[in-house]
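**Student:** All chains should be modelled from the sequences, with the hints used to inform the complete structure.
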Amino acid sequence: MNIDNYTWRDELREAISDLTPGTALCVLFLVAVIVIGALAPVIAPYGEGEILTNNSFEPPSTMMWLGSDYLGRDVLSRLIYGVRITLFLALVITFLSFLAGVSLGFLAAAFGGWVDNWISRLNDAMLSFPALMLALIVINSLGSSLVVLVFTVAFIDMTRVFRVARALAVNVMVMDYVEAAVVRGEGKAWIVWHEVLPNVLTPLAAEFGIRFTYAILFVSALSFLGLGVQPPQSDLGVMVKENLQAILYGEYTTLYPAIGIALIAISMNVFVDWLLQRSSAELPDEI
Amino acid sequence: MSLLEILGKRLILGAATLLFVSVLVFLGTEILPGDVAHAILGQGATPELVQQIRERLGLNEPLHMRYLVWLGNFLSGDFGTSLANGADIGTEIARRSKNTIILASCTAVIAVPLSVLLGLAAAVKPGGMVDRAISSTSLALISFPDFLVAVVLVTVFAVELRWLPAIASIRPSYDLLDWIRVLILPVTGLTFTILAHMVRMTRSAVLNVLASPAIEMALLKGVPRRRLLLRHALPNALGPIINVVALNLAYLISGVVVIETLFNFPGLGRYMVEAVTNRDVPIVQTCAMIFCSFYVLLNMTADILSIVANPRVRYKK
Amino acid sequence: MADSLLKVRNLEVSARGRKGREFSIVDNISFDVQKGEVIALIGESGSGKTTISLACLGYSRPGCHITGGSVLLDGISLLEQPLPKLQELRGKDITYVAQSAAASFNGAMTINDQVIEMPVITGSATRQDALSKATRLYKELELPDPENIGKRYPHQVSGGQLQRLMAAMAMISDPRLLILDEPTTALDVTTQIEVLHAFKTLIQNHNASAIYVTHDLSLVAQVADHILVLKDGKMVEYGATEQIISVPRNDYTRELMAATHLMPEEFHAPPLVTAQEPPLLDVRNVSAGYGPKHEFIALRGIDLTVKSGETVGVIGESGSGKTTLGRVISGLMNAAKGGVFLNGQRLANHVDRRSRDELRQIQFAFQMADVALNPRQRVNKILSRPIMFYHGLRRSEATREVARLLERVDLPSSFAWRFPPELSGGQRQRVNLARALAARPSLIICDEITSALDTIVAQQILDLLESLQDDLGLSYMFITHDIATVTRISDRIAVMRHGEIVAQGLVDEVLTQDCHEYTQLLLNSVPEMRTDWLDEAVTRRRKLIAALS
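In order, the protein sequence lines correspond to chains A, B and C. Using our numbering, the first residue of the first sequence is number 1, and each one after it goes up by one. Using our numbering, the first residue of the second sequence is number 288, and each one after it goes up by one. Using our numbering, the first residue of the third sequence is number 605, and each one after it goes up by one.
Do not rely on the hints blindly, as some may be mistaken.
Pairs of lysine-lysine residues, derived as BS3-like cross-links and limited to a Cα-Cα distance of at most 30 Å, are as follows [as the list claims (entries may be wrong)]:
| # | chain 1 | residue 1 | chain 2 | residue 2 |
| --- | --- | --- | --- | --- |
| 1 | B | K296 | C | K755 |
| 2 | B | K385 | A | K241 |
| 3 | B | K296 | C | K897 |
| 4 | B | K412 | C | K689 |
Just the calculated beta-carbon pair ranges, DEER-fashion [to be verified]:
| # | chain 1 | residue 1 | chain 2 | residue 2 | range |
| --- | --- | --- | --- | --- | --- |
| 5 | A | S61 | B | L401 | 39 to 45 Å |
| 6 | B | I467 | A | G143 | 35 to 41 Å |
| 7 | B | L300 | C | Y894 | 21 to 27 Å |
| 8 | A | V35 | B | E561 | 35 to 41 Å |
| 9 | B | I467 | C | K755 | 48 to 54 Å |
| 10 | A | V35 | C | S922 | 55 to 61 Å |
| 11 | A | S61 | B | R449 | 26 to 32 Å |
| 12 | A | L19 | C | S1071 | 47 to 53 Å |
| 13 | B | L294 | C | K755 | 20 to 26 Å |
| 14 | A | P232 | B | P400 | 44 to 50 Å |
| 15 | A | L25 | C | A862 | 56 to 62 Å |
| 16 | C | E751 | B | L291 | 27 to 33 Å |
In case anyone wonders, no lab produced these hints; they're calculated from the structure. Glycine included, every Cβ here is placed at the ideal spot set by N, Cα and C.
**Tutor:** Below is the structure:
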């Protein structure tokens, strides 16, 4: 009998039955957005860079549901492509930062002593930089390309993930069941994989959601500053920047991508909040 | 360890952090780009010209010497000149930092008390109407990109209603009223970027304290609600709240950069973004050092305040 | 009884579980407290005793609510009072002493500020009067330096003192009813009686009524006039203390009585002397300490042997070094000096450098089964891992072995597919033991394995240990603070204090009339089931403490 698989499915079923309507809506929205992003070339009515009219900021019409942007491109299509690249970047960044941050965090927690000391100190030193400053310094030096962007933001994120992963793992490492494994003679790798990981999975999943949201917001901010994704490629942040003048023409072109970012982030945050609240305590009624 | 020892250690750590930050800013900007001389000359770089520039900038000196000279200059207030137009960076910084300080401190003065109050209001009756309203609004707000609220504000108040300027340019002739007109939108936009985080973190810090056995004991002693919150809970929540405030004032840095760019506000943030776009290294270095030092000092102050606020440290065994 | 001070009638409390399911935790409880009477609520964990005592203050914990019944204090219905009126009553008429004073005092206020808070803010006394009254109470409770102790912050005084200070806080307004919730449970055994005595004297001097909540029948016999026995939120038996102690009517009460921590009537017969067999475990002159250079000494020159098939009890209070000794033997902590020998072979200091077979022979059973078992692993995985690890069995063979092990510790084999949080405390402790057995060890180090358990369950675990020893010829090193328990199951004992062994040998050799003062102190702390025991014990305790220092 495969026990681990059994657990996972049980938990998923229970989790789904626990979903509140609001959270379920957010999860559905996230799934829909991911599908839209993945299938962008199929779904989008026009190409990403296709110039359809000579007029900037045309109002919405049957041809272009959300009107045209400053170059006369279809805003809806660009929005769909923008979602695609925004999600892609955030996913890659979060994945990389977790790979590095969790590995290092577990390493530090499992070995303790000077290993932990050095990694943690170095990490604290990196944390003494405001995230945006670190990004600006690197981008100033290396220029902005997708690769620089991904690795820079992933690195910044990693320092945060490390802290969380280490703290979670350290809390588990002091438990008696870990000590029981140590006296049994188990190796560090076995302990981390079988004793620590299953116990920190939920908080790590929540942290993944938080970091994912953060990556979306951070990359969007950089793009908005003109230092993130570079045209002709565009994510949602670039679209906000490009179409800022639309406001002056009385069109809401620039609001769509901004609201898009917010909706994705809200859905993720609601989901994470729900995840964390499943295991929280209550307060006396009288306060 | 006595209080003084702890504080002394924290101060030394702060100084060491500042030093580390300066090394990293220097290395990050001087080493990574390959060669500043090439960056200045661009396409027209001949070996002779490159050599000349390198000598003029002292690029042939060993690295640690260059760092020491750079740090010495920075500390004595000599920030050098812009690579792009040769203008003195010090004068520009002086002008712009004043604007940024005004923007940031106006925001802090509004956002900090407001969010601590909202956080407290949500925490004292968890699950109640007030809490649910505050919590769900703040959950939505933390998901907003820094520019969203500002863009909406501009759309409504500058474009539709035409009450306030969309662009925040500053002229020397401005009087107080002009300043207020110019600042309302950026300050409001900036407040929203830090408010929600601060509310949520204050709430959970206070909730943490309210869930402690000491508060249950006070309830069972019959301490009235007002006193319970002010006399029993607040002193214990003070340390965490101070940390929350400091942490979020640090978020102000990225907010300032975005909001200044959006409103074309002549502050340090926009100065730095423009410099990064133009690869104007001395400006980037100077601005980065200023922002990072602010951040480090803020964190240190918060730590020191929360150490002082903790009776376990203040009165040792 | 018209003049009873507190009347509890048909009290019902329920709690909301996950997904909003309601379940009853206190069911149809009725009792009276007369003026000047102490009534004890006694029961194991989950019996609802704390919930009932809190309901007597008109309070229910988050997630719980009072669904029925009434609580009348002199005719005032507490459950119907508006909050301000309730606060007034709590500040003056009914007061509470919490289980852990260390957690329940506010760290940000001085002790005096907390003790005199209620009389001062309700205006029943001036600050000056309240302070002098507090000082009088401190004196009465025999706290050191009564003039100044209240000026300190809670973290600056010891746990036993804090517990007494909390009693002072409760008594400052001369309450009509005092509620004490396990007030001595968090303390060391030898401090426990001192604090209990202080409470008893206080209640007697002030002629107060009290509800005393505890799990320990032997302690409560010293203070209570009536005893209410609870099980799973229901009343099991109610009666005068003398009657409950001498002629308990209910089976459960009898069971509780039988499992109480009393000194056994007779000790283990010394094992037959076997010819010159080398000891299984030999600890020779071991010293150890914490800190990078072992500068905080925890063990000093420990010599101890465990022979094959015998049980050695190690007794000490917190800080005596008994747990450190177990950790050094199992290789979790390095010895600074000396060595540990297994079957005459010197063991490496640290677990990393011991062979798998050496590790297998010494197993460690932890105190708290709920943290000793990974909540995310099924019992099958917890038990099959050591089997596979030490004996190289395949997964399917290991699973069959797990069934045998579960049977061995009297658990159904279907438990293999459960997670630890789905088991009760006693069941978890059985799994914990089964994990140690899975290695087929020669020696199991049991670190306080019964101290977190309810008395009846603890007794069952001790019985299990003995039957395992008879069947498998195991040796135990039984580490505990409870001298009564340890003498019941040990062949030999060692008494530890401040990192040293002050006495060791066969049980009857150690526990003699003129044994070491510290051993006497420990023996003196074991309650006896007679109502005049406490006063005698406290007098003896003071003499012994004087002799020790």
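**Student:** Each hint needs a verdict: does it hold in this structure or not?
**Tutor:** Hints versus structure:
no.	hint	result
1	K296(B) / K755(C)	29 Å, holds
2	K385(B) / K241(A)	26 Å, holds
3	K296(B) / K897(C)	23 Å, holds
4	K412(B) / K689(C)	20 Å, holds
5	S61(A) / L401(B): 39 to 45 Å	43 Å, holds
6	I467(B) / G143(A): 35 to 41 Å	40 Å, holds
7	L300(B) / Y894(C): 21 to 27 Å	25 Å, holds
8	V35(A) / E561(B): 35 to 41 Å	39 Å, holds
9	I467(B) / K755(C): 48 to 54 Å	51 Å, holds
10	V35(A) / S922(C): 55 to 61 Å	59 Å, holds
11	S61(A) / R449(B): 26 to 32 Å	27 Å, holds
12	L19(A) / S1071(C): 47 to 53 Å	49 Å, holds
13	L294(B) / K755(C): 20 to 26 Å	24 Å, holds
14	P232(A) / P400(B): 44 to 50 Å	46 Å, holds
15	L25(A) / A862(C): 56 to 62 Å	59 Å, holds
16	E751(C) / L291(B): 27 to 33 Å	29 Å, holds
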